[in-house]
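Turn these sequences into a full structure, and let the hints guide you.
Protein chains in written order, with our numbering: chain H, 1 to 267; chain Z, 1001 to 1267; chain P, 2001 to 2325; chain X, 3001 to 3325.
What the hints contain is simulated information worked out from the structure, not anything from laboratory work.
These numbers were taken from a predicted model, which means no experiment stands behind them.
Backbone N, C-alpha and C fix where the C-beta goes; we use that ideal spot for every residue, glycine too.
Certain hints may be false.
Straight-line distance between alpha carbons at most 20 Å, and here's what the computed PhoX-like set of lysine-lysine pairs gives [said to hold, decoys possible]:
{"#": "1", "chain 1": "P", "residue 1": "Lys2125", "chain 2": "H", "residue 2": "Lys123"}
{"#": "2", "chain 1": "H", "residue 1": "Lys211", "chain 2": "H", "residue 2": "Lys172"}
{"#": "3", "chain 1": "Z", "residue 1": "Lys1143", "chain 2": "P", "residue 2": "Lys2030"}
{"#": "4", "chain 1": "P", "residue 1": "Lys2168", "chain 2": "X", "residue 2": "Lys3168"}
{"#": "5", "chain 1": "Z", "residue 1": "Lys1172", "chain 2": "X", "residue 2": "Lys3305"}
Examples of chain Z residues lying across from chain P (beta carbon under 10 Å, computed) [stated by the list, open to error]:
{"#": "6", "residue": "Ser1073"}
{"#": "7", "residue": "Thr1075"}
{"#": "8", "residue": "Tyr1076"}
{"#": "9", "residue": "Gln1080"}
{"#": "10", "residue": "Tyr1095"}
The calculated label-pair distances, taken between Cβ atoms and stated as ranges, are [what the hints assert, rightly or not]:
{"#": "11", "chain 1": "P", "residue 1": "Glu2313", "chain 2": "X", "residue 2": "Phe3025", "range": "24 to 30 Å"}
{"#": "12", "chain 1": "H", "residue 1": "Gly118", "chain 2": "P", "residue 2": "Lys2103", "range": "15 to 21 Å"}
{"#": "13", "chain 1": "X", "residue 1": "Gln3319", "chain 2": "P", "residue 2": "Leu2273", "range": "52 to 58 Å"}
{"#": "14", "chain 1": "X", "residue 1": "Asp3028", "chain 2": "H", "residue 2": "Val215", "range": "45 to 51 Å"}
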Amino acid sequence: MEIEFTDTEFMICNAARLLEDNRTIFVGWGIPQVVAILAEKLYAPNIVQVFEFGAIGPLSRTPFLRGTMGGPSNTYRSLQWCSMNLAFSYAQAGYIDYGMLGAAQIDRYGNINSTMIGDDYEKPKVRFPGSGGGNEVASYCWKTIIVMAHEKRRFVERCDFITSPGHVIDGKTREELGLPAETGPYRVITSMGMFGFDEKTGELKLLGVMKGFTVEEVLEEMAIEPLVAEKVVELEPPTELELKTLREDIDPYGLIISKGRKIKMEV
Amino acid sequence: MEIEFTDTEFMICNAARLLEDNRTIFVGWGIPQVVAILAEKLYAPNIVQVFEFGAIGPLSRTPFLRGTMGGPSNTYRSLQWCSMNLAFSYAQAGYIDYGMLGAAQIDRYGNINSTMIGDDYEKPKVRFPGSGGGNEVASYCWKTIIVMAHEKRRFVERCDFITSPGHVIDGKTREELGLPAETGPYRVITSMGMFGFDEKTGELKLLGVMKGFTVEEVLEEMAIEPLVAEKVVELEPPTELELKTLREDIDPYGLIISKGRKIKMEV
Amino acid sequence: MEKLEVLDKGKAEIHFTPPDEFRKFVRDRKNRAFEDKLMDEGEAVKKFVKNGDYLAYDFSSLTRGPQSLIREIIRQRIRNLWILAKFTLLESVLLAGAGCVDKIDVGFLGFGPYIAKKVQEGAVKVYDWSNGSVTYRLVAGAMGIPFIPARDLLGTDTLKHSGAVVVKDPFSNQPVALMPALNPDVAVIHVQEADIYGNARVYGPTVATLETAMASKRVIISAERIVETIEFREHPNWTTIPYYCVDAVVHAPFGSYPGGTQGYYEMDSEHYLKLTSIRTDEEMQSYLEEYIYSVDSHDEFLEKKIGISRLKELIQKSQILEGYR
Amino acid sequence: MEKLEVLDKGKAEIHFTPPDEFRKFVRDRKNRAFEDKLMDEGEAVKKFVKNGDYLAYDFSSLTRGPQSLIREIIRQRIRNLWILAKFTLLESVLLAGAGCVDKIDVGFLGFGPYIAKKVQEGAVKVYDWSNGSVTYRLVAGAMGIPFIPARDLLGTDTLKHSGAVVVKDPFSNQPVALMPALNPDVAVIHVQEADIYGNARVYGPTVATLETAMASKRVIISAERIVETIEFREHPNWTTIPYYCVDAVVHAPFGSYPGGTQGYYEMDSEHYLKLTSIRTDEEMQSYLEEYIYSVDSHDEFLEKKIGISRLKELIQKSQILEGYR
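Here is the structure:
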């Protein structure tokens, strides 16, 4: 049977499979929201979503409404509505297990850029919205998962601008810099593969590639050469149930999932 | 006509007459509560009481219940119930006009002691409950009013223990010490008189004495010699309406007002 | 005596009001009397928003944002604002497009290519913080303290372009970032319910509603409903902002339009799309002319530009009331 | 690089947990699963209160204090506690009288000559803070930061006998006191409503209910009513403590007795008087024997020592429900 899916759907499904049940997760805007809802529906019925504007544990309604992240549908039946200070305090005090973020650039040590491209801060070539709550999520949560399109220029030796911290910044470790111990980027899910980080050096390490792609094809699409795990796993494409759930239940208007490259695959 | 009243009633009435309407007042336990309620009933219908446990602007019910400061009667129909942190934040940020406190000792510069008597902290002769929220009230509110029994030993050159700050501590001014500018003890109402503080030196200054007493009689009952205003005013005894309000409405069981020395006076 | 080492320091210009200066403003200019503060948005902005002000607002243009007040600020052609883009979406886009803004403290700059271009061209100056750090700054401003420590920004370029200072904490001996207090000159906040004195109640996530109100020198509240004071006294736990923080109360039904207000109406996605599709200054000017400059008030905007049938649809879409009353 | 001058420093021993140590405890020992935590107070105290613990509680023995849990701690003869006497009234008196306490961080030491005598005799060691400063310490502990600055204690002897550190603030160049974070080993908190997972709701003034729960390693909640989780989800703004802060939930009607709980019952002034009139160790021992050691549980205490008719009177006195539901 041939299936067709977007690489966004691939990322979402693989990220959703990573989430553990009975854990708290700090959810960024857009793709991470869809990941969390999919995980909740299929794999982790008791994950507790946390949003920076002050919603803890909502039972988000579907279809997912992109626009009103803080509105009634997405924050439906939360356990608590609170302030941003409190939402971040839960994270800073260690109560939030996972964080999930997007990124425009990522570097060898998992630092991420969502601020600007270029080498002159005053005159950026491209300007993005900046940290939002990303810096706090990446600083405070125990394990940060980054979900981003796999494009050559997005993988760099050192981000043009480090918005949110990875494992090592300009030669200094997270802990030396005062960031909470034993935290940091945990996985990077891209539209072609999955990365972790070397336990000792904090360097990006390829752990998995999408079924049908080779390691070389994935590395080809990166401006840096990451570490590669001894055994690189094959990442399954979206299952029928995942796609049905995404397309019929969560995002029927395709606001998020229809974006990206279309992939056809025999399964 | 002869009237009879306790010196506690005298203090309460004179303190209540001091309060301005349309102001916020941080209220300590016991006598200050009765002062605030009396003021609200007779002189300042729109004062807003603030309590450290987190009640803003209650319309406290009478009779006054000593025990349950934080209970339904005293916090009735507050404008806001909140946290202690927030109550003190309002004060620290400058929103609270008056503070009202009791004290075991007061010194020349309005420093007050509610912690211990003796010269060895480890082995106090007498131990009191300590600051409570007194230190914050005396530190943050714009004008602090102290209400205390007039006894010789309570007026000292330097408190055995400075619990809450006055105008000058061991030679340093409030502002030098980092306390909020232009704050500090404003009036001291005792069972015999009323004091202010010299604008330049911050020293205790006798402003008024109870009708029927002389300045000398009041000074006689103090272990230090305060400044004396050029014109010392005569403080009126409680009025008939004040006494009726206190005795019939606010404190019919005499939990607070019956304490202290009884005074008879022809008026 | 010992010293605490300063380890790092951002280079941004900061809007910082020493706590004593803010306190004196509160003492002299905020009012603890129960004064009727109800006025229309024209009067409120005229009285309380000035050229050159540091402006803060709360929540976002999608949800319970003070959109009618933002439009009034644009209509009155306020200039040279320094704005706090905390969790912002289209407020900064509109304010920058209308030429009201010189500087932006960025938590989240806002959506889309238009505002990005303004930054790239140098038309507005940005300082980079994060939603968390600017919120901590408001918390410090609200508490009347000069700064608050936090374990974020550390090591990043965000820190370098912020105004945070990193010191070694004397208790844990670890580096920690000190976020300077922020006391905006003026804040505009939309709420579900307020009384004429400024007591205000918010339902749903609160972002930094109270902290923004407490920390700001002047505060304009717009409210979907004006309610009697007894409504607050009957449920004191639910009061979000006490009256003494507030300078003006504006009755503004649909005050968040084109965003939604929980319990009242949903966002207008179509109108929203008009905004997010703005690319050029010409498109921006034509939007501003059509929806802001050509009407005199929020009421006129609703009546002439949106219309009852559209508003009715948005109310109809808003059927989740649970938790919002 | 520059340095921040340390201007003054209190000399108290402090209970300080570096933020990273607290975080790891939260990660490894607090539970984000929805686990049924309902148990009786005997089991809860046995599991979560240990000799030598730093203990915190919230509100007071007059109002919504965790009195049944305090009595259980005494009943289990826990020893060597270091307690946080924040806005305390008779908790410290009872705990010290029962020999459970070595050290007290004083906001307010508590009422009466009995506890004063204990301090004078050196039977318990005290460190002097204030209600505000110990609350700030809990706020810092709850936020996961090492300290919080405040403009109190400054200059006083309270400061000298506290553990605060005074530095020159780098932004305003003024002295400010840094209050070290406080992360108690265990907290006992009484609330009106909780579910079996530990979500909890408080009505009335909140003192530091949430901060205490967030900042403490282990948390025991006692509740007048156990309610379904949907009760929280229907009104998320009213949730005081989320379940992941909590280790045990005890159903304890009249859990604040002899104090009152708003919306349920008033304090028992007569019983309270018994407590405040204790002067000697003999009187204390006889009180403890009569009301605590001689019964096995809170239920038995209510049944054998207080009785339905007394409880009914206290319910009857509590006729103000407005604001408490």
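Requested in this report: Report the numbers of all earlier hints that the structure fails to satisfy, in ascending order.
Outcome: Hints 2, 5, 6, 11, 14 contradicted; others consistent.
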